[in-house]
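Peer 1: As a plain string of letters, each chain reads:
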Amino acid sequence: MKNKGIIIFLIVLAVVIIAVIAGDYLSGRPDKSAPNPFAYDVNDFKNVPEELIHFTESKNFKLGFEQATSITIDSDKLYVTGDKKLQVIDLSGKLLSEINLPDEPKTVEVYNDKIYVSVNNQILVYDPNGSLLNEWRNSDENSMITAISALENNVFVADAGRRKVIRYSLQGEKLTEFDGKADEGVVHGFIIPSPYFDLDINADGDLWVVNPGLHALENYTEDGNLREHWNNTTMQTEGFSGCCNPAHFTFLPDGRFVTSEKGLVRIKTYKPSGEFEGVVAAPSKFKDEGEAPDIATDSQGNIYALDFDKKMIRVFEPK
Amino acid sequence: MENNKTQNRRKFIQNGVRLSLLLSLGTVTAAALRKVTTDDYVWQIDPFECTQCGRCATDCVMKPSAVKCVHAFALCGYCDLCGGYLKPDSINRDTAAENQLCPTAAIERRFIEEPYFEYHINEDLCIGCAKCVKGCTSFGNGSMHLQIIHDICVNCNECSIARVCPSNAIKRVKASEAYLVKGDFSRKPKA
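Protein chains in written order, with my numbering: chain A, 1 to 319; chain B, 1 to 191.
Bound-form chain B, shown alone (with noise of 0.2 Å):
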């Protein structure tokens, strides 16, 4: 009778340990199926609702900002006389500095056959101030856009670009879908 009250105790233990291993499995796999299954959040700019106020330049927590101008190739006339490139009334169509309209000489003009050029984007050179998407916007084809960076950019909690935006342009989208290219993702239409 001692002996079946100690075998008793002794299943219960083993029961009990076995349980809780199955329930913390089960909480791990729940856990890492969730990760799997869920979405994080980053900060990103819809390019349609971007306003080029400039604020992406002096307000990110990063220096520079992790905001960039992006071009949407498919979308660009290469033109000569590129608006986003040139100075408006520029003396000339070409790339010496008193033409650029870049104020850190971030895009390089490449000749591509006559009478068309390819513009590009050194990253490493441009702060995100968007007067290149002004001047394409205003007198291109609307190309080159802003967008948030995401091996720089830290996601913060509070975006400090966000937080200033008149258009609000700046919103929280899936990671699995952190860009808002030009091309790829297209205006949806108001209902």
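So here's chain A without its partners, still in its complex pose (with noise of 0.2 Å):
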């Protein structure tokens, strides 16, 4: 009787001991917590009505790369820069040519069959054979060139390390910089908080630069007068949110701006006025968190996003 007692106190004991420690493994474990009571809550500005989404996913193809850095589009034909190469690929996807660079390219430009590629923030400058025609110098330590545009014989450099727009001729004599300030007085020109600072050249030949910091596309003469500006700061769909957006832009055959955004990943279209027009690819298209996507556009009107964290270019197409 006395023994009875004792198994079923350690019975007892046995079963106690058991349930807390399958308590234990249960409740708190990473994938059985309660939800965030501070979560960061953006989801809100995630959601896109569909009939603001005004292009269509027709295609995507993966990357040769580990690393892509820059797209832009030249007699429509994409070139693509990272991992130390600069890749030629047709609009289908086909690789055509492939140009081995002396280090990490950031940026890539084409114009009149002329490769401007930046790489340790010199310029680079390749024959479409892949042979190296000129290098430009550039000694200056706090440098970091983001953007590459030329138009008759000005290639527009934008330094985002120095916070100016560089003005080279085509044989890479440094002609004028500029910092977009408006007046010798004033305190600031461009704000570029982190390294997106980009610049592109409409078909109209007018300059529109980027300045991140107040979610501004700014239109310069070549010697740095300011002309026109227009921006949006809201995180709504119609306008630009964080410290630095858009990250990256580029222009439709008709003169839209196509604008692609960190933090809450999306590209855009504005109309040449800067009137919010629609979307492209929504949030939900990309990671949670990821980088912008470069964009480049083809002559049909055609969306070309190099997407850095699925390796892959995605082509949106009008609806």
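Calculated from the structure, these hints are not laboratory results.
Only a predicted model underlies this, so the values are computations on that prediction, with no experimental measurement involved.
Each residue gets a CB set at the ideal place from its N, CA and C atoms; glycine is no exception.
A few of these clues could be false.
[What the hints assert, rightly or not] Okay, the calculated beta carbon distance ranges per label pair: (1) B:41 x A:35: 29 to 37 Å; (2) A:41 x B:73: 47 to 55 Å; (3) A:183 x B:40: 56 to 64 Å; (4) A:50 x B:51: 29 to 37 Å; (5) B:51 x A:284: 14 to 22 Å; (6) B:168 x A:59: 35 to 43 Å.
Put the two chains together into one complex; each comes in its own frame, and the hints tell you how they fit.
Peer 2: Right, dumping it as structure tokens:
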């Protein structure tokens, strides 16, 4: 009888121990915890009404790069950089040629059969066969070249590190530079909190520069005089949010702006006046907190997004 | 003969004591050297692995948490529109409580020059919830990040936050390199 009591006590003790261990195992594990009471919630801004989405993803193709860095289109050929290489790809995704580069490229521009690539903040000029034609030296250790665009005898270079736009001749002679200040006494010009500083030239030959800290696109003369600008700050779909957006932009053949944003990763179009038009790709198309895709457009008005997170080029065509 | 025997015994005992003392001294010296040359380990958060899940605020045995936000000023853009300071789509860019993201108002915004602002973390108010870290990482440069503060942390054998961390961002590091502050420490490339 005495032994029976001890056995019952031991069984109860064993059950209690097992229950405690199981309870401890099941509670508090990463996948069993309560929802985050301090969640930073931007889900409301990720939802885009279907009627605002004016493009559809028609195809995509995987890149041969581990880490792609930039994309541009010239004569309906894609030029993509990354992994110390530049690849020329046709619009169906077929690799046409490849140029080895001395180091990691940052950005690329093609104009008049010359390829301008920024490598280690130097600008290397190649012909379409991959022969190095010229090398524009830049000794400023604060430089961080993030965009190049060329027209006629000018090559404009966006330097995020120095917060300046530099104008070179096609031969590489530095002609002038400007910092976006409206006047001598003005404290700030381009506000570049992070290394996103894009510029491009539209079909009319107008130079547009992003002022990312102001969420603005600014149109300058070649000497750096501000002609016009527009901006739109809001986390809502029609504007730009965060410290530095749009991260990238380009133009459709009819002069509309195409913008790509970081934070809330999305691609949108704006009319030439700056008025919001519609969405190309909503945040749901991209990885949460992913990188802002670099973008390019072809002559048909299709948009090519270089998705750094998915390592692919994604093609969006008008609906 | 008897005298020699006594002397030998005494010598033996003396030698034994000397040897014991020598061994003790050697042991103490070795222990001290070991203490000096080897490192203790403490818990720390790898900011590049952190997913800002909020559990540092809720699961630390210290109340408030030993985890605090730290600010790597070298990485900060000093933005007026700071994703770590302002609520998403805040009404205004100012210090009004309705615009502040931090639930305990632990971030101080100081004007530097137009249009730049500096953001300081008040460690006494910070609860390590990582809301600001999420905002800064998503919309800024990621200069705000979490660290375990070692004059608050009691260095539990099994860290209660590490146990529930969904990304295994909390790990043992050498006490001599107890902080993994962004800017000083960079994500090592994956092999």
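Peer 1: Against each hint, give a clear statement of whether it holds in the structure.
Peer 2: Verification of the supplied hints:
1. Taking the beta carbon of each, residue 41 of chain B and residue 35 of chain A are about 32 Å apart, inside 29 to 37 Å as hinted.
2. With their beta carbons about 28 Å apart, residue 41 of chain A and residue 73 of chain B fall outside the hinted range of 47 to 55 Å.
3. Under the hint 56 to 64 Å, the C-beta atoms of residue 183 of chain A and residue 40 of chain B, about 59 Å apart, fit the expected range.
4. Taken as a hint, the range 29 to 37 Å holds for the pair residue 50 of chain A and residue 51 of chain B, whose Cβ atoms sit roughly 30 Å apart.
5. Between residue 51 of chain B and residue 284 of chain A the CB atoms are about 19 Å apart, so this pair conforms to the stated range of 14 to 22 Å.
6. As the Cβ distance of residue 168 of chain B to residue 59 of chain A is approximately 37 Å, the hint placing it in 35 to 43 Å holds.
The structure shown violates just one earlier hint, number 2.
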